[in-house]
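S.K.: Residue numbers (the working numbering), protein chains in the order written: chain A, 1 to 298; chain B, 299 to 715.
Just so you know, the hints here were simulated from the structure itself, not pulled from any lab data. Worth double-checking, as some hints may not be accurate.
[What the hints assert, rightly or not] For lysine-lysine, the following BS3-like pairs were computed, each having C-alpha atoms within a straight-line distance of at most 25 angstroms:
1. A:K123 with B:K389
2. B:K366 with A:K105
3. A:K100 with B:K404
4. A:K100 with B:K402
5. B:K632 with A:K232
6. B:K703 with A:K98
7. B:K526 with B:K389
8. B:K703 with A:K232
9. B:K402 with B:K366
[What the hints assert, rightly or not] Listed next, with one range per pair, are the computed distances between beta-carbon atoms:
10. B:V370 with A:V268: 20 to 30 angstroms
11. A:S75 with B:D541: 24 to 34 angstroms
12. B:S432 with A:D94: 21 to 31 angstroms
13. A:V26 with B:V370: 36 to 46 angstroms
14. B:L586 with A:I138: 30 to 40 angstroms
15. B:L586 with A:H11: 50 to 60 angstroms
16. B:A313 with A:D94: 37 to 47 angstroms
17. A:R127 with B:V307: 47 to 57 angstroms
18. A:D94 with B:K354: 56 to 66 angstroms
19. B:V370 with A:D94: 15 to 25 angstroms
Note that beta-carbon positions come from the ideal geometry of N, C-alpha and C, so glycine has one too.
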Amino acid sequence: MNFKKEIDFVHISKYYYTISIILTIVGIICLSIFGLNFGVDFRAGSNVDITLSKSLTQSEVQPILKKIGIDEGTSITPGDKRMNIRFTEVLNEDHDNKLKAEIQKLDSTASFEINTVDTEMAKELGRNAIYAVLLSCIGIIIYVSIRFEWRFALAAILSLIHDAFLVVTVFSIFRLEVDLIFITAVLTIIGYSINDTIVIFDRIRENLRFAKLKTNEDLVHLVNKSVNQMLKRSIYTALTVFIAALFLYLFGGQSIKMFSLAMVIGLVFGAYSSIFIASPFWFFLKSKEKNKKVGKTS
Amino acid sequence: MKRIISFFVTVIVLAGVMAVTTPGLLDKVRLGLDLKGGFEILYEAKPLEEGQAVTKESLNRTAQSLEKRANVLGTSEPEVTTEGANRIRLKIAGVTNEAEVRKKMKEPANLTFRSSPTGGKEAADFTKIELLGSDFKENGAEVGYDSLNQPEISIQVKDKAKFTEITKRLINKELGIFLDETMLSAPVVRAELTDGKASISGNYTNDEAKNLRDTINLGALPLSLTEKYSQSVGATLGKQSLDQTIVAGLIASAFILLFMIGIYRLPGLLASFALILHTWLLILVFVLADFTLTLPGIAAFILGIGMAVDANIITNERIREEMRNGRSVMSSVKLGNKSSFRTIIDSNVTTIIVAGVMFAYGTGAVKGFALVLIVEIVLSIATNVYFSHWLLSLLVKSGLLKEPKQFGVKESEIREL
């Protein structure tokens, strides 16, 4: 066997399993200690994004908030010709208008994006997001079980949960804001990850048809061959989508920055898990079944 | 020769059509309020008086009156939709006096019956308010039919004495029915009515009569609206988001196209053409179906281009693989197109499942994103699978593409059969 050309994914996967398990444990710890930095969509309150023609400082804006009476529990993040203010309180339209008027006194060209979500709505959005993720998983399990078999479905689900969870972990560790659009990113990552995994599984399925599997070694070879055959495609596709997401992150509009970042991270995990997690895990499930059969007949 | 001609004619005609129509199409794409400025509010409706329920009719009436008010305030294309049992979503783009509009919107629908002291028949002449919405019995208005089978609306008033006085004073005069500042109807008082009941008849159609009934019932039981969710985007900020994101998209697309050509040579060029066609069709669908393009929608657009490339990559990798296994160019292309098809369908269907769930469960931004993704996947199968397979086959059959190296496969990589 030419090792230069064919990488033994099945056997090296144990190292990657270890890495993934460690990352998952880190994620669980992080999430249970720090939780997530929820945006207004999920914990109620108001978020104000301001685009300015000059940069304003925190000390310029703080007195304004105090004057309107909305300075409690706010966090101000100044940026280059822009500013973000987050309120834990729900701003009413009166507050909105006063805030706008006052800031426009400092900079007449200021343009605003204000998002306000009330408590009950925030809970509902959060609940819907969880339903959406669960429902997607169920849909995928059903489809893949019908078109392939349950082992593929299980392996695919494991890898997509892995991807989604690790993205959430990264957002937890770096305290990045989680809002409604982040859920979209997670769902897109799920969609992409499953897409990537299915393409490899499709090849395994195809190779299975012509394969005579006598020993476990045959199965190892089959999985390795399939992954290697699809390796270029996996890398190229991951790369093109990665480029798209990266440019969106670098140059795209402010309100989809976090979304693009989540996509960039998720794509890397997605490509990684399809190759190193999903296929070896399918092998693990399949080889168990084979051994059982062998045990019965002999 | 015939094939070469049909290949070039197809490419040139399509390129021409795209070049000519694109600027016009782009102008016609309806932009979401996150891109052109405006605000979106989700209201929850509650009856002003405790213990009453919100009915489907009253919710619809409220939504309609919101739309009317928004129109009166001079906003462009307000969108008002009801959601669930007690919610109304309002989207208004391009407002300059947002503060005023928001305040006006929240006021409960104001039903009044007015008389005209001067006797004038114009809406503006009806200045004296005789009855308020709260003077009517809750759900007291009903549609009935008179002896000629004409629809009429029977109404009930709480204060009989007051109604008697009004009808006596206004006999043979008009009593204008107003919702906010719009006159809906102006029936003439025919008699003094002492039992607090009246029927309004006129040349109403069935629908008009039902509308009037619902309006009066709503006026008797107005709904109060509270903002559950609001998003307001300044026009400058929206424009900036749009520009930035389009620039990001153009750079990303250019990279992807160069990448495809660099890796796959001539087939890569065909794939690039299919991708451009795919993007053009997507814009066309948005214009024809009058979908609203939002910022997350553009993100989906750009990501989708990345994903649509996948179909081309799968096909081309497969073709190369077959060549390396020693097949001829012709049979490699045939086999590659055929066997990559199933792979592409399976992987795209799973993505559609996820997008479908997003569309069903999402609100606003998420829905916009999912919509683009779904349309894009369907179009991608048409352009990046069928169309680009067809173009490739044309070139191969015509003999223009006959060397493996035109596919980026080196002679040394080819195994003997």
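S.K.: Indicate, hint by hint, whether the structure satisfies it.
M.R.: Results for each hint:
{"no.": "1", "hint": "A:K123 with B:K389", "in the structure": "holds, 22 angstroms"}
{"no.": "2", "hint": "B:K366 with A:K105", "in the structure": "violated, 34 angstroms"}
{"no.": "3", "hint": "A:K100 with B:K404", "in the structure": "holds, 20 angstroms"}
{"no.": "4", "hint": "A:K100 with B:K402", "in the structure": "holds, 19 angstroms"}
{"no.": "5", "hint": "B:K632 with A:K232", "in the structure": "holds, 21 angstroms"}
{"no.": "6", "hint": "B:K703 with A:K98", "in the structure": "violated, 68 angstroms"}
{"no.": "7", "hint": "B:K526 with B:K389", "in the structure": "holds, 14 angstroms"}
{"no.": "8", "hint": "B:K703 with A:K232", "in the structure": "holds, 18 angstroms"}
{"no.": "9", "hint": "B:K402 with B:K366", "in the structure": "holds, 11 angstroms"}
{"no.": "10", "hint": "B:V370 with A:V268: 20 to 30 angstroms", "in the structure": "violated, 53 angstroms"}
{"no.": "11", "hint": "A:S75 with B:D541: 24 to 34 angstroms", "in the structure": "holds, 28 angstroms"}
{"no.": "12", "hint": "B:S432 with A:D94: 21 to 31 angstroms", "in the structure": "holds, 26 angstroms"}
{"no.": "13", "hint": "A:V26 with B:V370: 36 to 46 angstroms", "in the structure": "violated, 58 angstroms"}
{"no.": "14", "hint": "B:L586 with A:I138: 30 to 40 angstroms", "in the structure": "holds, 34 angstroms"}
{"no.": "15", "hint": "B:L586 with A:H11: 50 to 60 angstroms", "in the structure": "holds, 54 angstroms"}
{"no.": "16", "hint": "B:A313 with A:D94: 37 to 47 angstroms", "in the structure": "violated, 55 angstroms"}
{"no.": "17", "hint": "A:R127 with B:V307: 47 to 57 angstroms", "in the structure": "holds, 55 angstroms"}
{"no.": "18", "hint": "A:D94 with B:K354: 56 to 66 angstroms", "in the structure": "violated, 32 angstroms"}
{"no.": "19", "hint": "B:V370 with A:D94: 15 to 25 angstroms", "in the structure": "holds, 23 angstroms"}
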